[in-house]
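S.K.: These are the residues of each chain, in order.
Protein chains: 2
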Amino acid sequence: MKLATLADGSRDGRLLVVSRDLSRAAYAAGIAPTLQAALDDWKRAAPGLVTLARALEAGRTESFAFDPARALSPLPRAHHWVDGSAYVNHVELVRKARGATMPESFWTDPLVYQGGSDDLLPPMGDAVFASEDWGIDLEGEVAVITDDVPMGTDAQAARTHIILLMLVNDWSLRNLIPDELAKGFGFYQSKPATAFSPVAVTPDELGKAWDGAKVQLPLVVHLNDALLGRPNAGKDMTFDFGQLIAHATKTRKLGAGSIVGSGTVSNRDRSLGSTCLAERRMLETIEQGRPVTPFLSFGDRVRVEMFDAAGHSIFGAIDQRVVKAA
Amino acid sequence: MKLATLADGSRDGRLLVVSRDLSRAAYAAGIAPTLQAALDDWKRAAPGLVTLARALEAGRTESFAFDPARALSPLPRAHHWVDGSAYVNHVELVRKARGATMPESFWTDPLVYQGGSDDLLPPMGDAVFASEDWGIDLEGEVAVITDDVPMGTDAQAARTHIILLMLVNDWSLRNLIPDELAKGFGFYQSKPATAFSPVAVTPDELGKAWDGAKVQLPLVVHLNDALLGRPNAGKDMTFDFGQLIAHATKTRKLGAGSIVGSGTVSNRDRSLGSTCLAERRMLETIEQGRPVTPFLSFGDRVRVEMFDAAGHSIFGAIDQRVVKAA
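Chains A and B, in that order, give the protein sequences.
Per the working numbering, residue 1 is the first one in the first sequence, and the count goes up by one each step.
Per the working numbering, residue 1 is the first one in the second sequence, and the count goes up by one each step.
Check each hint, because a few of them may be wrong.
Which copy? The list can't say, so a pair holds if one copy fits it or any two copies do.
What the hints assert, rightly or not - For lysine-lysine, the following DSSO-like pairs were computed, each having C-alpha atoms within a straight-line distance of at most 27 angstroms:
1. K96 <-> K235
2. K324 <-> K253
3. K324 <-> K235
4. K250 <-> K183
5. K324 <-> K250
6. K250 <-> K235
Derived from the structure by calculation, the hints contain no laboratory data.
Could you build the full structure based on these sequences and the hints that come with them?
M.R.: Here it is as structure tokens:
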């Protein structure tokens with residue numbers, strides 16, 4: 001099934017079940033008021049949501065046109081957002097562009113950072129920044145939402161804790177990163193609010209494209225209607241979602257509704273393009289000696305989407321405009 | 001007023017108003033079911049909570065004995081937990097112990113890290129770890145809870161967004177830190193779930209000890225009933241809470257209920273001791289050539305508390321036992 005959150009003026013919005021073709025929606029209020037409430041009691045809520053989704057598909061329940069422009073992030077705020085950097089090929093490129101080698105351990109020990117989860121951006125909302133000088137960039141990613149995951153869960157068991165999937169645009173401020181990382185405590189100002197896709201879907205919606213821990217489909221990213229990249233999210237993913245969750249739970253449990261991201265999707269096959277400008281600029285640096293593509297400007301539009309084998313949008317599109325802060 | 005959250009089997013517990021002497025409590029359910037709900041609508045909720053607090057103080061409302069052992073963290077889960085390292089004297093010591101100098105910018109640019117906020121530990125709950133080899137350590141801190149803070153708020157305006165204060169034990173796994181920070185993305189596994197004090201208090205409860213952005217009182221930390229330190233939280237705090245909030249909002253807004261921590265409280269006056277074992281070990285290294293005090297062992301007890309001028313506990317005590325994971 002597919003779930004979304006309708007903007008209704010409240011902080012957590014209103015839970016919707018959305019049809020597979022993303023055209024219709026039905027209120028799930030009788031089952032759970034919000035997605036977090038459903039996740040808090042998933043075993044109880046899920047059967048009712050599945051029944052409602054079937055009724056919606058069959059036209060046997062009251063419904064209305066689904067408008068992604070009125071959708072909030074499926075979780076407008078969450079309690080835990082940890083983002084991996086699972087496409088190690090991408091990390092190696094970053095290093096190569098600045099003439100540094102990558103430690104061998106990066107192939108076996110996942111890189112993750114903790115993100116802020118109080119302000120998750122609507123899929124079609126503006127992305128607001130105070131300055132273009134900050135090096136505004138997108139990062140196209142896939143993320144999963146978990147149920148309660150105990151401390152010390154291994155990668156195989158972790159797969160059973162994946163409840164929903166979403167797409168991500170992990171906004172990054174590239175020119176703030178060097179000074180911030182040099183301080184040693186990781187990202188904070190350089191990783192502002194993140195955007196998620198209009199709907200979150202259960203893994204079965206992906207059919208054979210879901211192998212239990214990876215999504216074997218291209219992530220399609222456009223910048224101002226020009227294709228930036230369409231690398232396959234299931235390819236060159238060094239750490240799958242089971243491994244990322246296992247890494248996250250080494251010293252802690254994860255609460256229901258925790259979001260775990262893949263990091264920038266990136267393939268070794270360079271002909272497939274990139275899902276962030278930093279990677280394109282690194283390739284330009286390696287090939288031409290300097291970056292050519294600029295970071296984003298106010299007014300630019302960024303679109304992140306994924307299609308099934310028949311060409312239908314699975315999650316709807318993250319489609320945001322870069323806007324100057326008032 | 002003083003607020004607490006009673007364990008009732010639910011994820012977010014039940015909001016209580018607690019008497020100033022921490023002896024009695026009253027349910028605040030008629031005003032807000034949980035602390036997050038109160039913070040989400042603070043302007044509406046606060047007057048009712050103040051009225052209830054006054055009635056409780058005057059014995060004019062139904063109440064019961066407040067048992068901190070039944071308290072959850074005031075926010076059992078939050079949406080944003082950012083922890084500073086505002087006592088730069090402490091950071092300088094860390095560097096000195098390993099023979100490194102500290103960049104001058106550390107005196108003007110705050111160091112912060114993003115923590116996980118889905119699992120905030122009860123003040124008297126066990127602190128569970130899989131291995132003593134991880135270098136289990138406490139960090140005694142002060143934290144504030146904010147209302148909604150707009151992006152780009154300056155340090156002076158930020159002060160007006162401080163709604164509540166709490167004490168913190170920011171559990172740290174010292175032996176996991178070097179490898180994790182070397183990867184460049186900051187803490188994750190090395191900063192497991194954090195504990196907070198039994199009650200959160202409005203700034204007026206601190207009287208003259210609150211200067212609008214700092215708490216001018218000693219933070220008293222015991223390890224197994226022996227005093228570890230009692231440095232003054234208002235002294236040698238290079239960045240006050242206004243400055244930490246301003247730093248946090250440079251590129252993002254903060255949602256209501258965001259928690260901002262001070263980092264390990266530390267004074268230049270070494271006779272006042274330390275609020276974490278890492279600092280004591282650094283002082284031993286500087287003075288004796290090697291650390292003498294071990295990190296924590298299973299069974300150890302850690303207590304973090306703060307007293308007013310009359311000797312009364314303001315927040316109740318964080319009093320936790322270090323326990324081996326099952």
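S.K.: The structure should be examined with respect to each hint, and the outcome stated for every one.
M.R.: Against the structure, the hints:
1. K96 <-> K235: within (21 angstroms within a copy, 45 angstroms between copies)
2. K324 <-> K253: Between copies only: 14 angstroms across, 38 angstroms inside.
3. K324 <-> K235: neither (36 angstroms within a copy, 39 angstroms between copies)
4. K250 <-> K183: Classified as both: same-chain Cα gap 25 angstroms, cross-chain 17 angstroms, threshold 27 angstroms.
5. K324 <-> K250: between (40 angstroms within a copy, 14 angstroms between copies)
6. K250 <-> K235: within (25 angstroms within a copy, 36 angstroms between copies)
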